[in-house]
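*Asks:* Here are the chains, one letter per residue:
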Amino acid sequence: MATKLCATPGEALRDLRERGIIFDGCTVMVGGFGLCGIPEQLIVALRDTGVSGLTCISNNAGVDDWGLGLLLQTRQIRKMISSYVGENATFEKQYLGGELEIEFNPQGTLAERIRAGGAGIPAFYTATGVGTQVAEGKPHARFLPPLGKAGVNRDAFQERDYVLETGLFADLALVKADTADTFGNLVYRRTARNFNPMMATAAAFVVAEADHVVNAGEIDPDRIHTPGSFVDRVVKTASVKRIEQRTTRKA
Amino acid sequence: MPLDRDQIARRAAAELRDGYIVNLGIGIPTLVANHIPAGIDVWLQSENGLLGIGPFPTEAEIDADLINAGKQTITARRGAASFSSADSFGMIRGGHIDMCILGAMEVSESGDIANWMVPGKLVKGMGGAMDLVAGVRKVVVTMEHCSKKGESKFVPACTLPLTGRGVVDMLITDLAVFTRDRARNRFVLREVAPGVTVDEVRSKTAASVDIPDLVSTVLT
Chain A
1 MATKLCATPG
11 EALRDLRERG
21 IIFDGCTVMV
31 GGFGLCGIPE
41 QLIVALRDTG
51 VSGLTCISNN
61 AGVDDWGLGL
71 LLQTRQIRKM
81 ISSYVGENAT
91 FEKQYLGGEL
101 EIEFNPQGTL
111 AERIRAGGAG
121 IPAFYTATGV
131 GTQVAEGKPH
141 ARFLPPLGKA
151 GVNRDAFQER
161 DYVLETGLFA
171 DLALVKADTA
181 DTFGNLVYRR
191 TARNFNPMMA
201 TAAAFVVAEA
211 DHVVNAGEID
221 PDRIHTPGSF
231 VDRVVKTASV
241 KRIEQRTTRK
251 A
Chain B
1 MPLDRDQIAR
11 RAAAELRDGY
21 IVNLGIGIPT
31 LVANHIPAGI
41 DVWLQSENGL
51 LGIGPFPTEA
61 EIDADLINAG
71 KQTITARRGA
81 ASFSSADSFG
91 MIRGGHIDMC
101 ILGAMEVSES
111 GDIANWMVPG
121 KLVKGMGGAM
131 DLVAGVRKVV
141 VTMEHCSKKG
151 ESKFVPACTL
161 PLTGRGVVDM
171 LITDLAVFTR
181 DRARNRFVLR
191 EVAPGVTVDE
201 VRSKTAASVD
211 IPDLVSTVLT
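Which chain is which? The protein sequence lines are A and B, in order.
The working numbering puts the first residue of the first sequence at 1, with every later residue one more than the last.
The working numbering puts the first residue of the second sequence at 1, with every later residue one more than the last.
No lab work stands behind these hints: they were computed from the structure.
Treat the numbers as computed from the prediction; the structure is a model and nothing was measured.
Virtual Cβ for every residue (Gly too), placed ideally from N, Cα, C.
Heads up, a few of these hints could be off.
[To be verified] When the alpha-carbon atoms are kept at most 16 Å apart in a straight line, the in silico EDC-like pairs for lysine to aspartate or glutamate are as follows: (1) A/K250 x B/E59; (2) A/K250 x B/D65; (3) A/K241 x B/D65.
[As the list claims (entries may be wrong)] Which stretches of chain A does chain B cover? Using the computed rule of at least three CB atoms under 8 Å from a CB of chain B, they are: (4) 34-43; (5) 49-57; (6) 72-85; (7) 130-140; (8) 191-199.
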């Protein structure tokens with residue numbers, strides 16, 4: 001069985017420009033929530049490819065000196081599609097200066113757009129954002145909410161307004177797993193899973209970094225979150241796993 | 001005396017029922033976790049992918065892979081489950097969360113809420129707030145009744161960009177508690193803070209609300 005394992009993050013991305021997989025102006029999905037579960041070493045490697053004018057689809061934008069903040073510092077990002085970008089002064093400066101474009105999506109809509117894109121669904125209706133800025137200019141329709149157990153859905157027997165949102169698909173996805181095998185099967189850990197599984201399905205080329213890499217066959221098939229067929233390359237990294245808000249209680 | 005932040009949180013916690021799946025926002029809503037009534041078991045959902053938030057970790061328990069939606073380190077309680085953001089928001093959008101408690105800058109008399117764009121400040125994004133108010137079965141808002149300038153934040157129509165339209169079920173402020181009758185699309189004044197009169201609430205509320213003969217006092 002051919003292995004998808006690369007020696008370093010740099011090697012995992014090195015030939016992607018000459019192969020036309022990434023290019024100036026391409027779209028990249030980057031997993032993570034805050035700094036939790038970000039493909040941190042692949043972000044550094046993406047910076048080092050020098051690719052620019054990127055549209056980055058990622059829930060957040062990192063902090064000034066880590067995560068996607070690194071690509072903001074080097075001005076390689078032209079547009080972000082995110083739900084929240086609070087923790088980043090570089091972002092703020094470039095946005096106010098008109099260098100950076102931002103498209104805010106509600107977090108669940110962002111997650112579902114990525115899931116839909118990966119699942120071959122071009123668009124879907126959601127109640128999220130109806131009556132707000134994010135629904136302006138988009139097609140609407142009225143439906144009965146899906147009926148579950150009586151009372152599960154609010155106003156279950158009344159039609160509601162829904163807005164049409166489109167699926168997202170990228171040129172490249174960078175994801176972070178806890179464990180990968182050499183075929184690309186991935187297992188995530190705790191809340192570091194977040195956007196990674198959907199992003200692994202929603203790009204033409206997918207690279208995963210993992211804390212642990214094992215041989216194909218060593219992960220119980222029932223424990224695999226992302227089947228290896230979605231993943232093109234795997235790299236083992238020693239993650240820094242920076243913490244944004246260290247909150248503790250007394251022992 | 002108007003309610004303080006903890007008293008507002010305690011009043012919100014009185015809405016919890018045994019077995020509820022609940023999502024708490026940032027600010028006063030986070031304090032609700034400290035006031036869960038005895039004998040009630042509540043499962044806290046974190047929209048970044050955890051059902052069953054436990055207490056903050058000890059220094060030795062800190063796990064960078066385990067955070068809440070405010071990016072704080074947390075623990076998972078026994079029986080907790082972790083899942084993707086798509087599953088998490090499927091849970092939220094699909095009506096599988098019993099209640100959410102969140103803060104607001106404005107609430108309108110028809111149940112609109114504005115809480116994601118602060119006037120005069122750079123927009124940071126709505127995060128999961130729009131999904132929560134659109135999908136959760138009961139939406140409870142906690143906020144100060146008036147702005148620092150003394151203007152009512154409970155208004156006829158929101159002036160700030162909306163987070164959701166016609167979604168708020170209950171409003172708990174430092175002065176009063178209101179519930180919204182969805183069928184009639186009207187808020188009703190239910191309780192006033194101890195020492196606060198109905199007239200004072202009326203004078204400080206720009207929104208048009210129903211005021212029944214019987215208005216009780218918030219238990220503190």
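*Asks:* If a hint holds in the structure, say so; if it does not, say that too.
*Replies:* Each hint tested on the structure:
no. : hint           : result
1   : A/K250 x B/E59 : holds, 8 Å
2   : A/K250 x B/D65 : violated, 20 Å
3   : A/K241 x B/D65 : holds, 8 Å
4   : 34-43          : holds (count 4)
5   : 49-57          : violated (count 0)
6   : 72-85          : holds (count 4)
7   : 130-140        : holds (count 5)
8   : 191-199        : holds (count 8)
Checked against the numbered hints given earlier, this structure breaks hints 2, 5; the rest are met.
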